[in-house]
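From the two separate chains plus the hints, produce the assembled complex.
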Amino acid sequence: MLSLLLQASPATSTLGTANPVSIGMFFLFVAVTLYITYWAAKKTKTGSEFYAAGRSISGFQNGLALAGDYMSAASFLGIAGMVATKGYDGLIYSIGFLVGWPLIMFLIAEPLRNLGKYTFADVVAFRLRQRPIRIVSSVGSLLTIAFYLIAQMVGAGGLIKTLFGLDYEIAVVVVGCVMTLYVLFGGMIATTWVQIIKAVLLLSGATVLVLLSLAKFGFSPGNLLEAVSTQYGQEMLAPGGYITNPFDALSLGLALMLGTAGLPHILMRFYTVPDAKAARKSVFVATGFIGYFYLLTFLIGFSAMALVGKPAIEGIDKGGNMAALLLAEQTGGTAFLGFIAAVAFATILAVVAGLTLSGASSISHDLYVHVFKNGVSNEKGEMKVAKRATIALGILSILLGLVFKGQNVAFMVGLAFSIAASANFPALLMSIIWKRFTTQGAVWSIATGAVLSLVLIVLSPTIMVDIMGYDEAIFPLKNPALVSMSGAFLVGIVVSLLKPEASAALKFESEKLRTYLGVGAE
Amino acid sequence: MHPQSQTPHEILESPDFKKLVKKRWTVSLVLTFTMLVVYFGFLLVVAFNKQVLATRIGEYTTLAIPVGLGIILFAWVLTGIYVFWANSDYDTSVQNLKNKIS
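Quick note, the sequences are listed as chains Y and F, same order. Just so you know, we're using numbering that gives the first Met the number 0 here: the first sequence kicks off at 0 and counts up by one. Just so you know, we're using numbering that gives the first Met the number 0 here: the second sequence kicks off at 0 and counts up by one.
Extracted from the complex, chain F is given alone in its bound form (with noise of 0.2 Å):
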């Protein structure tokens, strides 16, 4: 036996794992609550001040256009940020509890 392995009950109780279980939340749900404020935020001004995004920023273009098509790639955009975080951060922090498995 490995002398580092402990069992799967050590593993659950060990800081290491609690501390990448409250990380692992807390960069979803900063990233979750992002969207929605960006979402109900955009749905908020078209429901009450639609006039601001009737605003022209071109000769014919309105800020409305760059403001939704910025919100769509917007969301990709967190995709993205989440699975660089992840692929990095989060699967080697995942890799060094697994190895310690016995």
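Same shape as in the complex, but just chain Y (with noise of 0.2 Å):
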């Protein structure tokens, strides 16, 4: 088996050996993002600034900042390596946490923008009691956010040691260091340039990886078909054994679809742009940006099947993940891999960024502010809190890379979205369109996603079967939306009409003003 692999694999493979262009890439990207944030730093004074870059943005511009917080590592490399390994199948999980865009745009983008501050949780706060829905609501952004993060952290030490050679434990620290300087000192306007730099590397990579791999096959995709089918048979190009229960692909449709309107760290990139208008350009921008990216990613996987070979790929790493690299070796030699390597570290360092920011300004702003001081902010002590909350969560972030090392934590990027579709998205919702909603509804309605997310996860296969190794599960899906989310919907309604609260209705009536005319927002 080994012989097998070692002669299937090219040794000529340089991927785990220090590449001078992809550490020299690297710096240089290093070096213009801190040069980014220190001068946002002198840019960054206020509450408005940190949080949400002073409502500055573009809507284009926020747009590929939105692509590029939404396209991380794992979906550029884990896709490409689906595709690679398991064909057809990768496409059906990428039009997954694609079809969430237009959600986002058509039930929440432009009320979130007009009825908010800084976090979403103003919006459900906004005709509620402020304490009660702080609280909960920090609590689903913070899980969401550890979840990502913590997935993110792990991901990136290990594709690091196999890209650069460098031990985990020097990565894990790296990236949290560099992430903490931006958010710290250029808050939202750095780590929105951040975002629109790797998104343009990014995108202008795979474009390029793309394009050196059709130029192998006449720049027809039905030649790069004929040779994944004749290599690897017919079954390649068709939906294979991804889906086999129809409950567990609901569960699972439901969780990326509906988690991507309920990602703490997306929805704040709704504030940096001036009005409803340039929220809804944003999200049409990053529709087609995210979309273009799951097209590269298709046609990257495929070749990368054909070109490297399933047992080189599958011989590095079992999962995939190193297809897009070797693939890039194979059409652009050790420097093009060396420029892909470092475009894969900078997509895994802007993300935390923005994750870290999110996670700050819940603590700060929800938190901080409503909670402990009533909702009676001191800019300044506010900024303080909010500048040490994002040391802490650098901090944590390192720690809880280290800690999780070696551990198999797939599966908490599915168990984010879950909360994020269960805890975040059900509250958002009814707070924008019914009129009934109270906060006692919103408090147990939270808090029935959150709970039954992490409690069904616990009992489903992907835990006790992939991880504690159980015969069975108790609970049957492997992924918990489809009854945390209709939980969290049904617990809300139903509080809610046990009990109305009257000031909550009218005041949905008087603000109508702000939500749809956009009188008085900020």
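Bear in mind the hints are in silico, worked out from the structure with no lab data behind them. Small disclaimer: the values here were computed from a predicted structure and weren't measured. There could be a bad hint or two in this list.
As the list claims (entries may be wrong) - So the derived list for chain F, only partly shown, Cβ under 8 Å to chain Y, looks like this:
1) L11
2) P14
3) K18
4) K21
5) A53
6) I56
7) G57
8) Y59
9) T61
10) I71
11) G79
12) W84
Where is the CB? At the ideal position from N, CA and C, for every residue including glycine.
In structure tokens, the structure reads:
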């Protein structure tokens, strides 16, 4: 078996050794982004500048930044790898990630922009009682962010080790420190520009990779599919074993689709634009770029399968995560591998920076100001807490990265999406569209969504079978969203109907000028 | 004071405003429902009748490939339709109403 793998895998791969191009490229990226941070720091004095870039980002820029926030290294390397090893099934996964964006546009983006200030809890709490809402929604936010962050940090350490041959621990510390610098000094302005640069690098790098690969097939996708089919069988070009149980499909589909509409770091980006019109434009731009990116990862996956070969890809990493990088080396040589590797590193840095900023906002804006200070905010004090929270989250993310070293954390992204879809999304949507939604309804809805997600994931095959090694799981679905999200909606509705809140219903009417016309929006 | 100007309360109660809110949610919900039907319809076909998607439409190309990529394109086109409607129709009505506020 080993000799077979060695035979199939070209001994020429330089993965795992220090590549001067990738190290040079990476240092260039860090130098440029730190310079931007220095520039942004001078413009980051007030809360609105720290949390929302002074609402100065254009719709197009925010669209690119949203795409940058959303296109993680996990989707770049993971989906390309899934296509390279499992074929068409990888595309089903990326479709799930994309279709949440239109829903953000139709249901949430504009009311969110008009009603809120810095966090999505602003909207939920707008006409309800501040304290209880702020407490539960920051728990929902921080749980989503924590699981997403752990998955990113552990992925980063492992990826950088494979790419550069750098120690896991050093990689985690470097990522944690650099992203803390961005957020701490440059706030949302620096974070936005890091996202934009990263999105441009990732999209152009992936485009070049696809062009170099297609050149080997006479620029004909048909020839590429022929090569895949003749080498690995026609079944690679059609849905395979990814979806067997329709309830599993529905549950994962709901988590991916509606979880996107409940990710705190994505929702927060809508406050960086001047108005609702720019918010809607940014979703259109983001959806276009993300859709294009998934088209590229689909072609990269099949090209890697045909050119690098499945055995070689699976020989280096069983999940196929290195497919895009091996393809880069094969088509563009060591220098191009270095470029793509540096882009992957930059991608991780940008995503964790976005997560940390939204976590810090939740702590300082939702918890400190509205829970401990009863909404009486002293801007200086709030900024101080925001900066301390950034440092604490930076340290925490490094510690979590170290603690979870070598653990199977792939399920945490699915869990983060499930909590976002169950705890954050239902309360946000009901507060926007339903007049009779109450404080108690929101509190119980968020709590139900979060607790059900956590409990059911532990009882699901994802943890009980795959990680703990039991033969069977107590809860049958791999992702809990179908039950946890339905539960959150149901509890929110029942509790609201049982005990009406007259003041909330009254304010729902009077806030309509702000919701629909943007009158009084910040 | 402008002769036509109205208080915020009068605007809220005006038929024009009520029509605007109703139309906004009709458009949004129709588009949302379309997206849900397309996406979950696709998942149901994958779960119950994958053979259909394995049908060849070219020498090697299967039906699954244009359908999958088509859904991505469709999602983007839907956001485009919404933006087009909101920029022309919705924003005009919003501006008209805002002009009336005293």
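For each hint, the structure was consulted:
no.: 1; hint: L11; verdict: holds, 6 Å
no.: 2; hint: P14; verdict: violated, 14 Å
no.: 3; hint: K18; verdict: violated, 11 Å
no.: 4; hint: K21; verdict: violated, 11 Å
no.: 5; hint: A53; verdict: holds, 4 Å
no.: 6; hint: I56; verdict: violated, 11 Å
no.: 7; hint: G57; verdict: holds, 6 Å
no.: 8; hint: Y59; verdict: holds, 4 Å
no.: 9; hint: T61; verdict: holds, 5 Å
no.: 10; hint: I71; verdict: holds, 4 Å
no.: 11; hint: G79; verdict: holds, 6 Å
no.: 12; hint: W84; verdict: violated, 10 Å
In this structure, the hints that do not hold are numbers 2, 3, 4, 6, 12, in rising order.
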